[in-house]
Structure formats: structure tokens, C-alpha cells
Amino acid sequence: MEQQIRFCTTSDGVRIAYAVTGSGYPLVWLPGWLSHAEIDWDIPILGERYHELTKDFMLLRIDKRGTGLSARRLGDYSREAWVRDVEAVVEHAKLKRFALAGYSEGGPIGVEYAVRHPRKVSHLITMGTGVLTGELAPEREELLAALVTIIRTNWGSAVKIMSDFFLGEDAPLEDQQMFAAYQRQSADAEDAAAMLSVAPIVYDIAHLAPKVRVPTLVIHARGDRAMPIELGQRLAALIPGAAFKSVEGQHVPDRKQSAQMEAAIREFVLGTAASSASEAPAAPGGLVTILFTDIEGSTALTQRLGDAGAQELLRTHNTIVRDALKAHSGSEIKHTGDGIMASFPSASRALACAIAIQKAVEGHSVGAPLQVHIGLNAGEPVAEEQDLFGTAVQLARRICDKAEGSEILASDVVRQLAAGKGFLFSDRGEAALRGFEDPVRLYELRWREEG
Numbered sequence: 012m013e014q015q016i017r018f019c020t021t022s023d024g025v026r027i028a029y030a031v032t033g034s035g036y037p038l039v040w041l042p043g044w045l046s047h048a049e050i051d052w053d054i055p056i057l058g059e060r061y062h063e064l065t066k067d068f069m070l071l072r073i074d075k076r077g078t079g080l081s082a083r084r085l086g087d088y089s090r091e092a093w094v095r096d097v098e099a100v101v102e103h104a105k106l107k108r109f110a111l112a113g114y115s116e117g118g119p120i121g122v123e124y125a126v127r128h129p130r131k132v133s134h135l136i137t138m139g140t141g142v143l144t145g146e147l148a149p150e151r152e153e154l155l156a157a158l159v160t161i162i163r164t165n166w167g168s169a170v171k172i173m174s175d176f177f178l179g180e181d182a183p184l185e186d187q188q189m190f191a192a193y194q195r196q197s198a199d200a201e202d203a204a205a206m207l208s209v210a211p212i213v214y215d216i217a218h219l220a221p222k223v224r225v226p227t228l229v230i231h232a233r234g235d236r237a238m239p240i241e242l243g244q245r246l247a248a249l250i251p252g253a254a255f256k257s258v259e260g261q262h263v264p265d266r267k268q269s270a271q272m273e274a275a276i277r278e279f280v281l282g283t284a285a286s287s288a289s290e291a292p293a294a295p296g297g298l299v300t301i302l303f304t305d306i307e308g309s310t311a312l313t314q315r316l317g318d319a320g321a322q323e324l325l326r327t328h329n330t331i332v333r334d335a336l337k338a339h340s341g342s343e344i345k346h347t348g349d350g351i352m353a354s355f356p357s358a359s360r361a362l363a364c365a366i367a368i369q370k371a372v373e374g375h376s377v378g379a380p381l382q383v384h385i386g387l388n389a390g391e392p393v394a395e396e397q398d399l400f401g402t403a404v405q406l407a408r409r410i411c412d413k414a415e416g417s418e419i420l421a422s423d424v425v426r427q428l429a430a431g432k433g434f435l436f437s438d439r440g441e442a443a444l445r446g447f448e449d450p451v452r453l454y455e456l457r458w459r460e461e462g
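Using my numbering, you'd call the opening residue of the sequence shown number 12 and step up by one each time.
Be aware that one or more of the hints could be misleading.
Unchecked claim - What follows is a set of in silico ranges between Cβ atoms, one per label pair, in the way DEER data are often shown:
#1 84 x 160: 16 to 24 Å
#2 233 x 400: 44 to 52 Å
#3 224 x 402: 31 to 39 Å
The set of hints was computed from the structure by calculation and includes no laboratory data. Note that the coordinates shown come from a computational prediction; the quantities given were computed from them, not determined experimentally. Even glycine gets a Cβ: it sits at the ideal position worked out from N, Cα and C.
The task is simple: from the sequences and hints, build the whole structure.
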């Protein structure tokens, strides 16, 4: 998958670069001390992490001022200035609501942004971040001063004290050399020194943390020397209701540590989306996939089974659908009388959920009359009053109406979003749908042939 590099301008006139990949629920990624949105994607350890997250999220990675493709040699490297960078990207990308992840120095930036804009942030994640009081212990102050001196005199030269501090004492020589090259590409020596020098002030967020009012997950490596785990625990204790997760590793994650962090982020953001009615319809400034279910012949079933029997069948349908939504990170938007409307952060999850529903219904329906038809579409609906509205939703509803019992029909945009994911479709041709002037091409998901 190729990434898109975009540029925007902050309120104080600074050019900021950011990279966009994926099409799921929006996740804004705030880097640590250094970043380079263009080359990060191709560096093995960093790129693998971002490629994995892109499978489930629309990932937006920001080069804050002073780093990567963003403007350099600016002088103002304060937390407040970096928050302006985030505000500019969010506005430029037209994000309405999103998850916000801050690694290392990005953590305090994320905390301040979440305090300022709680309605925009659905989830806050910090990694390798802690709380400082503005003053360091004498030994830490001496170490910071030594690092700043080394940066100014030996920037990007694989000095051992630098790699020990960020990568750990046992880091392979190859990783040390890669880190040194990355330093040279990501920032100038003076910018890097200036940004590291202000760390005690940037991390001085003890007054901000108690004001966070969004679900928060604090992830910290037990072997982190740059930001000892006690500082991360202090942050989690200050944020109301924050969850804390420790992982093995160092400040700069290796592959194993990255995988643990990715899994924690995925579970925290996508696994909790269905449990919060206020978050479920927050659709995003990116694509979501809408799914409708409907019980086949519900009126005839009521006449045949009676009110009590039909109601029991409806309860069975509801249980099957809700279990499938929970298993596939779907968010129930509303009950429609004879069915359920739901949204998903990715098309592949929605299709997998639809298959799970039909298989569960088929397993239940031996000797029973329950049949369900399902329709899917993807787009950018309007979120209002814990509901979703707009053409994308209306089309999903009409596609569901067009499906027959036990069928799953999807729009072409859903089929294209799921390309390469192993789903089998049959072209059903163009169909006239009520309320739509032009015919719409539909595809049947061949769910009985799925593995």
C-alpha cells in the first residue's frame, strides 16, 4: 500500500507534513523526538508497525515542526506549538472524531490536545510517556546535558551512549547504525538538540492529566531507560479512569514490543467502540462501512407463529447479530424493528461479520423459519444524536431491501475496499433502487464458499 504525503499550514504559519494510509477508523499518530513521514514507512521496524495499524485504521502520522518533511529551524519547540501542528492536521484532514496515539514526546502533546478538544478525541493512547515536574534529578539533568552536547558535536554518528539510552545496551550494531542514519535524516543537529533540551518542560503535564475526560490507555515498556516506567505509572494515576499496560522492551520498540503495543491499541480502540453509544456513530472524517440486517418475511412469520413466536425469533436474530458485532468490532447504531443497523471501521470486518451472522442463522434455522438478508455500503455518513445519516446510509438500507433471504449484497465500493482480503463476490449487475436516480451495481458475497 502506498501512503499519501500531505501538507498543511498551522495558525502561526508553519508548514506541517503528514502521511495518510488505510481507510478504517481514524487514528492520529504523534511521534516522539524524531520522525520522517516519508522514510518511516520503509524502515523495517517502524514501517512494519505502521503497516499493521493500517490494516484496521486510517492512520495519519504527523511530522511535528522541526522534524521530517515539516518546517525546520523555527526555534519555538514548545508543547503548545506542537499542539497547533495537530490542530492544523485535524482541520486539514476534516476529521470529526478520532483516536489519538502519542509516542514518547507525542504523549504530552496528545494529553494537551485531548484536554483542549475532548469532543474530537474518542480514545487517547500514550506510549513511553510520563510526567515530569519541570525539574530533573541531578543525575538525569547531567545525562540530558551530556546527550545535548553529543547531539551538537556528533549528530548521527552512532555514539554508544545515544543507542544505549534509546535502544538499550544490548541493541545489535545494525540497529545502532540504522538509528544513527535515521537521526541525520529526521532532523538537523540544532533542532534535535533544542527539542531534547525542552523535554523537562514538555513532559511537565501533572496539571493537565487530571483534566483528561476521554478513555485513556497508558502503555509503557518495563525496560525503558529514557522514560522509566514509574513516570508512566504516575501519568496513568493522574488521568481519571486511565488503563495501564506494561510490555517487555525498551524506549524504542523492537518487533515483539511493537506487536504487543499494536494489539493493545487495536483492542482498546476497536474493541470498546461498540460499548459506547456516544462513540459508535462518531463517524469520522474517514470511511466507515454500514451494515443492515433484516428478517425475511417478518409479517408472514408473525401471522404464522403468532406474536410470541415471532418475538422469540426476533430475540434470536438480535442475539446472533450482536454477538457477531462484538466479535468483529462492529458498533450497533440502532434497531430497525425487524433488523439492526451497524457501522464498522473497515469493510473487511463488516463482511466477516455478515458471514458470521449468516452462518449462525443457518445453524439455528435447521427446523426453524429464521432467514436474514444483509446489505452493506461504505461512505462518510453524518453523525448526529447517536445516529448516522446521509446517502451512504440510505444506499446500505436499499441494498439490504434488494437482498433475498440468506443473501449478503454489497456495493462496489465495499467490494473494492475488501480487495485482496479473500472474499468471493458475484456480480449481480445494476439494480434500480428506490430513491436513487441512477442504477447501482451490486455484488453478492458468496459466503457459503468462504473458508
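Review point. For this structure, which hints from the list above don't hold up?
Key: Those not satisfied: there are none.
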